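> Quick note, the sequences are listed as chains A and B, same order. Okay, so the first sequence: first residue is 172 according to the working numbering, each after it adds one. Okay, so the second sequence: first residue is 172 according to the working numbering, each after it adds one.
Honestly, I wouldn't trust all of these hints.
No copy labels: a pair is met if it fits in one copy or bridges any two.
Claimed, not checked - As a list, the in silico SDA-like pairs of lysine to any residue whose alpha-carbon atoms are at most 20 Å apart: (1) Lys426 x Asp205; (2) Lys420 x Met339; (3) Lys420 x Ser431; (4) Lys378 x Pro306; (5) Lys413 x His388; (6) Lys378 x Arg241; (7) Lys420 x Glu408; (8) Lys420 x Asp205; (9) Lys223 x Gly179; (10) Lys413 x His274; (11) Lys378 x Asp305; (12) Lys426 x Glu344; (13) Lys378 x Asp311; (14) Lys426 x Asp311; (15) Lys223 x Gly409; (16) Lys378 x Phe313; (17) Lys426 x Pro265; (18) Lys378 x Pro312.
Hints listed in this document are in silico derivations from the structure and should not be mistaken for laboratory results. Small disclaimer: the values here were computed from a predicted structure and weren't measured.
Number of protein chains: 2
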Amino acid sequence: MGLKLADGLLAQELARVQGEVDAQFDALLPVPGDRRARLVEAMRYAVIGGGKRLRPLLTVATADLFGVDRETSVRAGCAVEAIHSYSLIHDDLPCMDDDAMRHGRETTHLAFDEATAVLAGDSLHALAFEILIDPAMSGDPFTRCELVECLARASGHAGMAGGQMMDMIAEEEGGEGFDLQAITRLQQLKTGALLGAAVEMGAILGKLAREGRAHLHAYSRDIGLAFQIADDLLDVEGDEAKAGKALRKDADAGKATFVSLMGADAARAQARALVDQAIGHLGSYGEEAELLREIARFIVERDR
Amino acid sequence: MGLKLADGLLAQELARVQGEVDAQFDALLPVPGDRRARLVEAMRYAVIGGGKRLRPLLTVATADLFGVDRETSVRAGCAVEAIHSYSLIHDDLPCMDDDAMRHGRETTHLAFDEATAVLAGDSLHALAFEILIDPAMSGDPFTRCELVECLARASGHAGMAGGQMMDMIAEEEGGEGFDLQAITRLQQLKTGALLGAAVEMGAILGKLAREGRAHLHAYSRDIGLAFQIADDLLDVEGDEAKAGKALRKDADAGKATFVSLMGADAARAQARALVDQAIGHLGSYGEEAELLREIARFIVERDR
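Taking the hints into account, I'd like the entire structure generated from these sequences.
Right under this line is the structure:
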């Protein structure tokens with residue numbers, strides 16, 4: 172899959188969760204024998220067999236700290252991934268980023284059509300909440316409520332969608348007026364909010380009280396920023412074939428990014444410092460947090 | 172507001188719920204002092220000050236049967252309306268129905284831009300679940316779960332979005348292959364599912380057990396179909412100025428509708444029969460269901 176890190180634990184866990192997420196979506200989305208077939212096929216196309224599955228892995232790895240049943244944490248991870256997938260479908264639309272390639276394949280609106288892509292995104296959005304609210308998710312309604320609350324806030328106008336709006340404006344303004352603080356805020360919403368939700372949902376499943384989540388929140392905030400800096404570096408230095416999508420887009424658009432504002436070397440150093448800091452937040456955990464540490468390291472070393 | 176029925180109870184209740192829904196969305200959506208402002212302004216544009224508010228009225232009227240606190244039922248009604256509004260924004264996009272007018276004003280993608288409209292729709296979608304899952308909605312997590320489950324199912328691929336897919340295909344096929352049964356199924360998903368959810372959510376708030384909801388389900392199924400037949404009649408016979416949107420679209424597209432399949436007179440008779448049948452399902456209620464009866468009558472008499 173073009174991952175630089177062939178590290179034992181991480182490579183194995185990524186492959187495992189990829190298989191589990193694919194199987195879960197396959198079971199959730201049988202193609203109906205009526206005229207909704209195209210819609211469900213587009214949902215399947217977007218959500219099965221592509222993507223690193225970083226968000227479900229974060230949910231599973233966090234839930235593992237508390238001994239949560241694996242099927243449960245994979246299921247919750249699929250809800251986060253459904254939100255992530257819907258946002259990619261809509262982001263790739265001609266009226267948004269107008270991208271032709273995603274996960275090394277045609278984007279959904281090219282493989283199907285724009286209207287179907289809009290509806291497939293909308294349907295994956297609803298599916299995320301259908302997954303979380305199903306009694307199969309958790310026998311405890313309070314846990315299901317906490318999961319829905321966490322994911323809805325992270326994905327709406329105060330989270331991911333708000334960050335995407337800021338990102339569109341950053342593009343319009345061509346980098347003017349966006350300093351490091353503004354870019355940090357933008358990215359905390361655009362990518363950080365959902366990565367944070369992926370971690371927090373693991374903690375919710377583990378019945379960790381809200382007050383006890385501060386260190387995990389700090390971990391996810393740091394890896395979220397490191398993730399985005401790495402993304403900006405990939406956009407400048409990466410290999411399109413490995414990334415499976417168009418690169419060099421930010422520079423071509425003259426958009427402010429961590430790299431344009433700090434320079435590549437300082438950005439790389441900053442990403443690594445954030446990863447060290449993220450790992451530091453896990454100090455109260457022992458071996459059981461090794462996967463979360465590996466994920467943090469992977470986030471800045473990946474090539475896609 | 173161009174309503175034919177100046178009937179006392181209904182006109183008064185519609186006006187009341189319109190004011191309450193507007194006030195609720197105004198409170199839920201303060202415009203932030205950062206670059207998300209355009210997004211929230213687009214959400215407000217789409218969701219405040221337009222629309223009949225039929226869905227919130229259904230939720231409130233059903234909840235009233237069980238003496239549910241009004242603030243609670245209005246809040247739940249706003250969640251249904253947020254879903255309805257997001258679907259209209261996305262439906263009106265150039266890649267979907269390409270509509271220029273809605274509620275007598277420019278559609279959201281014209282008043283703002285396409286990308287903002289996509290994001291505003293997505294954000295209203297998330298907002299619906301943020302509203303329902305907020306502890307302010309209900310102190311009982313089980314009730315909040317039931318509300319989310321009902322609305323997520325009604326709006327996703329097995330509900331509204333699935334119906335919209337069928338509708339797109341009906342347009343592509345130009346009426347060929349869509350008989351009355353297929354159109355009924357299409358409409359049960361496209362408009363019926365959400366109208367049904369509006370009613371069911373009132374019953375959930377009223378703590379009516381699932382087994383006891385059959386007559387309300389039958390009521391909403393019948394008014395849902397009557398609503399769509401009335402819509403098809405409006406498309407043929409209505410006044411664009413009163414409707415606040417473009418009409419004559421189905422006929423121009425050669426699309427199969429209840430009117431094209433049955434003829435206008437038979438369609439009108441069928442809509443009225445469905446209304447009588449819907450009212451019949453409320454037989455176990457007395458005066459407290461008068462508003463639901465009025466809504467059923469209004470649905471076929473409206474001119475927008």
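> Next, verify each hint and record whether it holds.
Evaluation of the provided hints:
When the C-alpha separation of Lys426 and Asp205 is checked against a cutoff of 20 Å, the pair qualifies only between copies, where the shortest distance is 18 Å, while the shortest distance within a copy is 45 Å. Taking the closest pair of Cα atoms, Lys420 and Met339 come within 20 Å of each other only inside a single copy of the chain (13 Å); across copies the shortest separation is 33 Å, beyond that limit. Proximity of Lys420 to Ser431 under the C-alpha cut-off of 20 Å is restricted to the intra-copy arrangement: shortest distance 12 Å within a copy versus 49 Å between copies. Taking identical chains as interchangeable, the C-alpha atoms of Lys378 and Pro306 lie at most 20 Å apart whether they share a chain (17 Å) or sit on different chains (18 Å).
Within a single copy, Lys413 and His388 get their C-alpha atoms no closer than 31 Å, and across copies no closer than 52 Å, so neither meets the 20 Å cut-off. In the homo-oligomer, the alpha carbons of Lys378 and Arg241 lie at most 20 Å apart inside one protomer (15 Å), although the nearest pairing across protomers, at 33 Å, exceeds that limit. Taking identical chains as interchangeable, the C-alpha atoms of Lys420 and Glu408 lie at most 20 Å apart only when both belong to the same chain, with a minimum of 12 Å there against 50 Å between chains. In the homo-oligomer, the alpha carbons of Lys420 and Asp205 never lie at most 20 Å apart, since the shortest distance is 40 Å inside one protomer and 25 Å across protomers.
Taking identical chains as interchangeable, the C-alpha atoms of Lys223 and Gly179 lie at most 20 Å apart only when both belong to the same chain, with a minimum of 16 Å there against 59 Å between chains. In this assembly of identical chains, Lys413 and His274 lie within 20 Å of each other by CA distance solely inside one copy; the values are 9 Å within and 48 Å between copies. Taking CA atoms no more than 20 Å apart as the test, Lys378 paired with Asp305 passes in both settings, with 18 Å inside one copy and 19 Å between copies. For the homomeric pair Lys426 and Glu344, the shortest alpha-carbon distance inside one copy (8 Å) is at most 20 Å, but the shortest distance between copies (43 Å) is not.
Taking identical chains as interchangeable, the C-alpha atoms of Lys378 and Asp311 lie at most 20 Å apart whether they share a chain (11 Å) or sit on different chains (18 Å). Taking the shortest alpha-carbon separations for Lys426 and Asp311, neither the intra-copy value of 45 Å nor the inter-copy value of 47 Å comes in at or below 20 Å. For the homomeric pair Lys223 and Gly409, the shortest alpha-carbon distance inside one copy (16 Å) is at most 20 Å, but the shortest distance between copies (52 Å) is not. Taking the shortest alpha-carbon separations for Lys378 and Phe313, both the intra-copy value of 10 Å and the inter-copy value of 17 Å come in at or below 20 Å.
In this assembly of identical chains, Lys426 and Pro265 lie within 20 Å of each other by CA distance solely inside one copy; the values are 18 Å within and 27 Å between copies. Taking CA atoms no more than 20 Å apart as the test, Lys378 paired with Pro312 passes in both settings, with 13 Å inside one copy and 15 Å between copies.
Violation of the numbered hints given earlier is confined to hints 5, 8, 14; the remaining hints are satisfied by the structure.
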